[in-house]
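Visitor: The residues making up each chain are set out below.
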Amino acid sequence: MSFVEILRVRFDDAGKVVPSSGYTTVLTTLTAGAMAFLAVFALALSLSSGQLAQRWSDTLSQSATLRLSAAPSEIGAQTAAVLEILRTTPGVVSTRVLDIDEQRALLEPWFGPDLPVENLALPRLIEIIETPEGFDAAGLRLRLSTEAPGAVLDDHTRWRRPLVAAAASLRGLAWVSVVLIAGAMAAMITLAAGFSLAANVQVIRVLRLVGARDAFIARAFVRRFTLRALIGAAGGTVLGVAAFALLPVAGESGFLTGLGFQGAGWFLPLVIPPLAGLIAWAATRTAAFRVLRRES
Amino acid sequence: MIRLANVSHDYGGRGLLSGVDLHIAPGAFHFLTGPSGAGKSTLLKLCYGELRPRSGRIELFGQNLAALSRDALADTRRRIGVIHQDCQFLDHLTLAENVALPFIATGRPVPEADLHELLSWVGLEHAADALPPTLSGGERQRAALARAVIMSPEVVLADEPTGNVDWEMSQRLLTLLVELNRMGTAVMIATHDLTLIRNAKALVSARILRIADQTLQSAGSDL
Chain A
1 MSFVEILRVR
11 FDDAGKVVPS
21 SGYTTVLTTL
31 TAGAMAFLAV
41 FALALSLSSG
51 QLAQRWSDTL
61 SQSATLRLSA
71 APSEIGAQTA
81 AVLEILRTTP
91 GVVSTRVLDI
101 DEQRALLEPW
111 FGPDLPVENL
121 ALPRLIEIIE
131 TPEGFDAAGL
141 RLRLSTEAPG
151 AVLDDHTRWR
161 RPLVAAAASL
171 RGLAWVSVVL
181 IAGAMAAMIT
191 LAAGFSLAAN
201 VQVIRVLRLV
211 GARDAFIARA
221 FVRRFTLRAL
231 IGAAGGTVLG
241 VAAFALLPVA
251 GESGFLTGLG
261 FQGAGWFLPL
271 VIPPLAGLIA
281 WAATRTAAFR
291 VLRRES
Chain B
1001 MIRLANVSHD
1011 YGGRGLLSGV
1021 DLHIAPGAFH
1031 FLTGPSGAGK
1041 STLLKLCYGE
1051 LRPRSGRIEL
1061 FGQNLAALSR
1071 DALADTRRRI
1081 GVIHQDCQFL
1091 DHLTLAENVA
1101 LPFIATGRPV
1111 PEADLHELLS
1121 WVGLEHAADA
1131 LPPTLSGGER
1141 QRAALARAVI
1151 MSPEVVLADE
1161 PTGNVDWEMS
1171 QRLLTLLVEL
1181 NRMGTAVMIA
1191 THDLTLIRNA
1201 KALVSARILR
1211 IADQTLQSAG
1221 SDL
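Just so you know, the protein sequences line up as chains A and B, in that order. So in the numbering used here the end of the first sequence lands on 296, straight run, no missing numbers. So in the numbering used here the end of the second sequence lands on 1223, straight run, no missing numbers.
Please note: incorrect hints may appear among the correct ones.
[Unchecked claim] Here are the simulated DMTMM-like cross-link-like pairs (lysine to aspartate or glutamate), alpha carbons at most 20 Å apart as the crow flies:
#1 LYS1045(B) with ASP214(A)
#2 LYS1045(B) with GLU295(A)
#3 LYS1045(B) with ASP1021(B)
#4 LYS16(A) with ASP1129(B)
#5 LYS1045(B) with ASP1071(B)
#6 LYS1045(B) with GLU1154(B)
#7 LYS1201(B) with ASP1213(B)
#8 LYS16(A) with GLU1112(B)
#9 LYS1201(B) with GLU1160(B)
#10 LYS16(A) with GLU147(A)
#11 LYS1045(B) with GLU1112(B)
#12 LYS1201(B) with GLU1179(B)
#13 LYS1045(B) with GLU1179(B)
#14 LYS1045(B) with ASP1159(B)
#15 LYS16(A) with ASP1091(B)
No lab work stands behind these hints: they were computed from the structure.
Given only the sequences and the hints, what does the whole structure look like? Please build it.
Guide: In structure tokens:
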């Protein structure tokens, strides 16, 4: 009795010999539906955190900032020297010195809009855009230390690492959730199958009396629970996907852009109903054979 | 076909059968009698492997019951038709489906013609689509007989088959069982109805066994 056989929906005699018991049937369908609904969210969280990690990593890894501090009389010469060094550094696509307005905008969240930036001895900030392969940060630092001692290179590694690590943790948690959901569903279906088997001891006795093998008796229960789990999980999956489809869309460049399913990711929830059926098949089969062994 | 050698069995810690020897040969007809609680039903259950003995050896069609796998025991039970006093039907299936259950449960196609012929033999062709709870006691017992014989078993074991029916119906059932025996099927009927046994003497040469004091005794001349 394979899972594929169970999926072949034939209302044959094995499925017919066990009376339909509304309680366990409804419980199985609802459990599978609820678990599938939660699984859609866990799956979406996993995909989103992966996409966020990728985006944060990509955004921060293709740029670097150089901070240059020097006396006002030397700042011009030092800036020119640094720009020349950067121009000849392999892996640097372009450089740009941030103007006074951009520096004001950076400080505004902390000091307000009326900060007299012109009167402050602020370091000069140079934005560096890298090639996808990036530049040799260690080599550049060594060169800057000799030719422009007041220059400090920030390649964003210290910002990028915790963000990527956090996203990876989120992704791990999402997969743990998927596993827990599958385990909880298996436990619930095992209980429901156990109740159903216990309620049908007389049916099992009659089937044994007429020469039914354990495999036939088990199949009658396994088929029922597998189909119920499939139906419930399909419903839960549809509702979960619909909930995501109805979520408000974030902007293209927003921090939370990418939450939910994107592109081919919308097809991923399709694996949930067959997976739920597989879990129900295994759980019911195990429960059925355990009860049949005990009742013999 | 079915042989019990020095079989003993307990029920709830109380000795029920002790040192029982029994042989059901092909074509034999046995009555098994004794007071209620003597162990008639238990002996029948031992004969078709629903119960395992505390001690002794049971052979079903030459195979040691203790050595039979679960699947092999299921296969062996197909060669034994069993009729219970309470019939043991699946109430959500029709009478015809219940009678055909041995075929359904073994995954074989139900021989429709044989099924209708059998229902006609037991006088239930009109009730094929009825659900068991809607049938009378006599109809249920005749349906149980039909289910027991649909796979052409080599032996039929009947546990108080006339316990819930009137005298006329019990005679009809007895006649059916005797007809079956004449076709070569071994029959063993457990009953406390001595009138049934006396009436059977006119129809068939039966061996009469009685359970008393946990042992199986021949009781032919007492009845």
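Visitor: Would you mind marking each hint as holding or not holding in the structure?
Guide: Going through the hints against the structure:
Simply put, LYS1045(B) and ASP214(A) have alpha-carbon atoms about 19 Å apart, close enough for the 20 Å limit, and the pair holds. With a CA separation close to 15 Å, the supplied pair LYS1045(B) and GLU295(A) stays within the 20 Å bound. At roughly 15 Å between alpha-carbon atoms, LYS1045(B) and ASP1021(B) fall within 20 Å of each other, so this suggested pair holds. Among the hinted pairs, LYS16(A) with ASP1129(B) is consistent with the structure: their alpha-carbon atoms are about 15 Å apart, no more than 20 Å.
Pair hint LYS1045(B) plus ASP1071(B) holds up; C-alpha atoms about 18 Å apart against a cutoff of 20 Å. The straight-line distance between the Cα atoms of LYS1045(B) and GLU1154(B) is roughly 16 Å, inside the 20 Å bound, and the hint therefore holds. For the hint linking LYS1201(B) to ASP1213(B), the alpha-carbon distance of about 26 Å lies beyond 20 Å, and the restraint is violated. The straight-line distance between the Cα atoms of LYS16(A) and GLU1112(B) is roughly 18 Å, inside the 20 Å bound, and the hint therefore holds.
A distance of roughly 18 Å separates the Cα atoms of LYS1201(B) and GLU1160(B); the hinted pair therefore holds under the 20 Å criterion. Distance check on the hinted pair: LYS16(A) and GLU147(A) sit about 87 Å apart at the alpha-carbon level, beyond 20 Å; violated. For the hint linking LYS1045(B) to GLU1112(B), the alpha-carbon distance of about 30 Å lies beyond 20 Å, and the restraint is violated. For the given pair, LYS1201(B) sits about 14 Å from GLU1179(B) by alpha-carbon distance, which is consistent with the 20 Å threshold.
For a cut-off of 20 Å, the pair hint linking LYS1045(B) to GLU1179(B) is broken: about 24 Å separates their Cα positions. With a CA separation close to 9 Å, the supplied pair LYS1045(B) and ASP1159(B) stays within the 20 Å bound. Between the alpha carbons of LYS16(A) and ASP1091(B) the distance comes to roughly 12 Å, so the proposed pair stays at or under 20 Å and holds.
Hints 7, 10, 11 and 13 from the earlier list are contradicted by this structure; the remaining hints agree with it.
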